[in-house]
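Chemist: Okay, here's what each chain looks like letter by letter:
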Amino acid sequence: MSRYLTTRFVQSLLVLAIMSFAIYGLMGLMPGDPIDLMISANPEITSEDAARLRALYGLDRPILERYGNWLQAALTGDFGYSRVHKQPVVDLLLPALGSTARLLGLSLLLSIAIALPVGILAAARPYSRLDYAINLVAFAGISVPVFWLGLLLIMLFSVILGVLPAGGTETPGGGGFWDQLRHLVLPVATLTLASVGGHTRYVRASMAETLRQDYIRTARAKGIGWRRVLWRHALRNALIPVVTILALDFGFLFSGALVTETIFAYPGMGKMIYDAIMGNDFNLALIALMLATLVTLVGNLLADLAYAWLDPRVTYK
Amino acid sequence: MSGATASGQSGWALARRRFRRHRLAMASAAVLVILAVLSISAPLVAYLLDLDPAAVDLFNRFQGPSPAHPLGTDELGRDVLVRLLYGGRVSLLVGITAALVASVIGTAVGLLAGYYGGRLDALLMRLTDGIIALPLLPLLIVLAAVDLAKIGVPAAIADSESVSLYRIIIIVALAGWTTVARLVRGAALTLRERDFVDAAHGMGAGALRIMGIHILPNLVSPIIVATTLSVGNIILLESVLSFLGLGIQPPIPSWGNMLTNAQELIWSAPALAFYPGILIFVTVIAFNFLGDGLQDALDPKAMER
Amino acid sequence: MSGEALLEVRDLSKEFRVGGEGLFARDARRLLAVNDVSFSIEAGEVLALVGESGSGKTTLSRAIAMLEPPTRGSVRFQGQELTGLGRRNLRPVRRRIQLIYQDPYGSLNPRLTVGAIIGEPLAVHGIGSRDERQFRVAQLIQDVGLSPHDLARYPHQFSGGQRQRIAIARALALEPSLIIADEPVSALDVSVRSQVLNLLLDLRRSHGLTYLFVSHDLTVVRHIADRVAVMYLGRIVELAQTNEIFNNPRHPYTRVLLDAVPEVGRGKRRPREKLAGEPPSALEQIPGCAFNPRCWITRAECFHTRPELEPALGDSSHLAACHLRNEGRL
Chain A
1 MSRYLTTRFV QSLLVLAIMS FAIYGLMGLM PGDPIDLMIS ANPEITSEDA
51 ARLRALYGLD RPILERYGNW LQAALTGDFG YSRVHKQPVV DLLLPALGST
101 ARLLGLSLLL SIAIALPVGI LAAARPYSRL DYAINLVAFA GISVPVFWLG
151 LLLIMLFSVI LGVLPAGGTE TPGGGGFWDQ LRHLVLPVAT LTLASVGGHT
201 RYVRASMAET LRQDYIRTAR AKGIGWRRVL WRHALRNALI PVVTILALDF
251 GFLFSGALVT ETIFAYPGMG KMIYDAIMGN DFNLALIALM LATLVTLVGN
301 LLADLAYAWL DPRVTYK
Chain B
318 MSGATASGQS GWALARRRFR RHRLAMASAA VLVILAVLSI SAPLVAYLLD
368 LDPAAVDLFN RFQGPSPAHP LGTDELGRDV LVRLLYGGRV SLLVGITAAL
418 VASVIGTAVG LLAGYYGGRL DALLMRLTDG IIALPLLPLL IVLAAVDLAK
468 IGVPAAIADS ESVSLYRIII IVALAGWTTV ARLVRGAALT LRERDFVDAA
518 HGMGAGALRI MGIHILPNLV SPIIVATTLS VGNIILLESV LSFLGLGIQP
568 PIPSWGNMLT NAQELIWSAP ALAFYPGILI FVTVIAFNFL GDGLQDALDP
618 KAMER
Chain C
623 MSGEALLEVR DLSKEFRVGG EGLFARDARR LLAVNDVSFS IEAGEVLALV
673 GESGSGKTTL SRAIAMLEPP TRGSVRFQGQ ELTGLGRRNL RPVRRRIQLI
723 YQDPYGSLNP RLTVGAIIGE PLAVHGIGSR DERQFRVAQL IQDVGLSPHD
773 LARYPHQFSG GQRQRIAIAR ALALEPSLII ADEPVSALDV SVRSQVLNLL
823 LDLRRSHGLT YLFVSHDLTV VRHIADRVAV MYLGRIVELA QTNEIFNNPR
873 HPYTRVLLDA VPEVGRGKRR PREKLAGEPP SALEQIPGCA FNPRCWITRA
923 ECFHTRPELE PALGDSSHLA ACHLRNEGRL
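Protein chains in written order, with the working numbering: chain A, 1 to 317; chain B, 318 to 622; chain C, 623 to 952.
Read the hints as simulated data drawn from the structure, not as lab findings.
Don't be surprised by glycine CBs; every beta carbon is placed ideally from N, CA and C.
Heads up, a few of these hints could be off.
As the list claims (entries may be wrong) - Now the stretches of chain B that chain C is said to cover, found in silico as 3 or more residues with beta-carbon under 8 angstroms: (1) 511-521; (2) 529-535.
What the hints assert, rightly or not - Some chain A residues judged to face chain B by a derived CB distance under 7 angstroms, without partners named: (3) Y24; (4) G25; (5) L26; (6) M30; (7) I63; (8) S143; (9) F147; (10) L151; (11) V159; (12) G162; (13) L258; (14) I273; (15) I277; (16) N280; (17) N300; (18) L302.
Unchecked claim - Computed beta-carbon distance windows for the label pairs: (19) B:L417 <-> A:E48: 21 to 31 angstroms; (20) C:Q764 <-> B:R333: 47 to 57 angstroms; (21) C:G767 <-> B:S358: 50 to 60 angstroms; (22) A:A265 <-> B:G381: 28 to 38 angstroms; (23) A:A17 <-> B:G503: 24 to 34 angstroms; (24) A:F177 <-> B:L417: 23 to 33 angstroms; (25) B:G503 <-> A:R182: 40 to 50 angstroms; (26) B:R333 <-> C:R752: 42 to 52 angstroms; (27) C:G830 <-> A:E209: 15 to 25 angstroms; (28) A:V298 <-> B:R333: 42 to 52 angstroms; (29) C:Q817 <-> A:V137: 32 to 42 angstroms.
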């Protein structure tokens, strides 16, 4: 077990290292560099000044050297300043991470809470009308563009009914807990609806597979009631693959969060990354992207662990 | 496996029969054909209605449906119907082309992994899993924002209007090949063990020949299924990137970028936010149903109903 | 035995690693599927390899064809050592050794026409022009009793027996010296078995072929083989002329195999011997004779000394790996 863990851990670190370099390299390919931005802000900088500034900031050095310097600084906790926010990047990240965690956590919980019973219901009566209907709705869920879903919800609840706010985290000038909760409803609903279709299909597929196993038939033949078989015997085994897929789905969920946050002006990691890239805020974009990658990798690692913990047949040496 | 096929009926005929029983997939195929025909005939519709998709008419913004503008006009007074049809051309073209590119990449990766197995397989599948697990959208946004001039693309191309088309096709294809790779790899692993592949080894055939003649042609079904299923995902990806302003660039209309301004206009013209979205939704769900139906039709094991 | 044998196998072993796949595979167990096997085949002969499933007969035949490179030992074919040859040097050898498989549904690529299937070996080796190949393929399909009209059809349009004929035609395309046939008729209906067997025998004469014939079916073996090698748990335990094997078996395992076939065991008055238990797993090592857990005539040495494959008293061509081979208790 511990050797397997070490291997996976080293692999994840390797992926993180590769991704950090790739992201760093891509950032250098974004339109304009910091000096260009200074020039556009101050037309009096001459091209000689620009060249001197580039040398001063080391921007004329080879990419590997620049990456090395950046990595050294980053490893000592120096992530640089955000150009747009005029603040250390770290100070911006933590609140955004918290916001995203709240959004993702709530949506994931809700989505599972819906997908579990619905998926099991569908699997219990395969190819029935109910199964068919659930399958149809699940397909709709995985086929709907998240941003459009968000727009529709805004249209319905904010424009037509006028019962929920269309964006932000609280009413300007304070609001309190209930006000903040009201602001969370539409983003959480959007992300939940966007992921519940896929989750339901996972649960249904896994449960249907489990119900085909011999020991389930044996349990039935011994006269154990259908409900008991379903909830006691099958559920635990069906959950094993579901747990892994949920965790592996983390990257997808994060992508959904980015869109949701952007639409609802919700100050999370996704929106921060998007704004930073669009606003040429290199330092911020770089760190935020790496953090997002790190979180997903940790999610994957946890999925592997959960799998080993849940499935007694798997022994990692 | 042999009962039906040995009696003289080919596998394809059987698959056709099974597919026809899949009503949703049949309906989806019909919907997609209609959408494709309408999109292709966009210039014809524009000509018949005497409308220009690019003609700005600021005196006629936000018009409701009328005989002159069946679906009204947008914030610049352009005809919504004609723009939707032109947008459909772009979205379908990008979706299908990118899915084909992704399919080629995925087939190559899956074939190599499945045929050679062992360490190459482990390596390629780790790569595939790694890509699946990454937070793709933010990374694609970075890719979409890359300055083409900085990677040595000549300015004449980098500044041309249609470059956003090629760029988005490449980007979403880079993200979309994993589904095909996994399915193809699984099928190739099974095929590799078949006797006719062994026989080819035995007669001294090389790896290229075995992959090209014996394995690839027998992978047609999983490739078709996986490609169809990825078209939906790829159209979704294209639309969200275009919506965020990083995909297809105006003035070329696409269903995604037609929604870019919809959020600000949602109070004044909610209909503008509705049409492009419903078209994306219908197209994607149709491709998904189609893929599902094909999977049932082409995989005998899936039909234990 | 006169002259040099067509195929000479010496101390051949094939080991498989069980478990442990992937990028970081380390601890794998070993399975000895073929264990120190030696025998030879004369040109023009039919040698049958018989045994239960899991006895290693298929692995042995595939190791000889260099489809599964042997772990140890030597395979000399027409005087040339095959082990250790690289892909490039094996190519000319592959022309002279061809295989026929058990399942005629799995051994033909469903996406190719029969013409393409039979012509493929020629294409692989770049023999002849396109027209010459077509002509040759038309000849071949008639050699196996089908019509040139069948060349444009696909495998699924044929019956099992016909498909096996197609596989045979493909094997003949390169005019090989040795054909390794792995259970070539056991997937076929009984009614067509003898037709295919007779075809194989006819082709031996007309094409100067030698067969290594792998089978678990003794009726078939008696019909086709000149000599028989019996395999048990990766080793040859008895090797003799077909008549000798059937009339005068020297190994208890051979006796059991014979008794399991009604029409073959007839005429023997002694009670039939049946096998006790399952064959032990090839993963475990049994001290002494590997057959001792299932044998009924054991004595002490069977449990500590492994019997070598040695000539029986009075017939130097009859080899058996049994301490009691000369005691006439079978």
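Chemist: Is the hint on A:L151 kept, meaning its closest Cβ partner in chain B is under 7 angstroms away?
Modeler: holds (5 angstroms)
Chemist: Between A:V298 and B:R333, does the beta-carbon spacing fit 42 to 52 angstroms?
Modeler: holds (48 angstroms)
Chemist: At a threshold of 7 angstroms, is the proposed contact between A:G25 and chain B supported by beta-carbon distances?
Modeler: Cβ of A:G25 sits 10 angstroms from chain B, so the hint is violated.
Chemist: Would you check whether A:F147 satisfies its interface hint, that is, whether its CB is within less than 7 angstroms of any CB in chain B?
Modeler: holds (5 angstroms)
Chemist: Can the hint on A:S143 be confirmed by a CB-to-CB distance to chain B that is less than 7 angstroms?
Modeler: holds (4 angstroms)
Chemist: Quick one: are B:L417 and A:E48 within 21 to 31 angstroms, going by C-beta?
Modeler: violated (50 angstroms)
Chemist: Lying within 15 to 25 angstroms: is that true of the beta-carbon distance C:G830 to A:E209?
Modeler: violated (55 angstroms)
Chemist: Hint validation: A:M30 versus chain B, beta carbon distance must be below 7 angstroms. Holds or violated?
Modeler: holds (6 angstroms)
Chemist: Could one say that the CB atoms of C:G767 and B:S358 fall in the range 50 to 60 angstroms?
Modeler: The hinted range 50 to 60 angstroms holds for C:G767 and B:S358, with Cβ atoms some 58 angstroms apart.
Chemist: Do the beta carbons of A:F177 and B:L417 sit within 23 to 33 angstroms of each other?
Modeler: Check failed, 51 angstroms falls outside 23 to 33 angstroms.
Chemist: Going by Cβ atoms only, is A:G162 closer than 7 angstroms to chain B?
Modeler: violated (11 angstroms)
Chemist: Classify the hint on A:I273 as holds or violated, based on whether any CB of chain B lies nearer than 7 angstroms to its CB.
Modeler: This interface hint holds because 5 angstroms falls under the 7 angstroms limit.
When held up to the earlier numbered hints, the structure conflicts with 3, 4, 7, 12, 16, 18, 19, 20, 24, 26, 27, 29 and fits the remainder.
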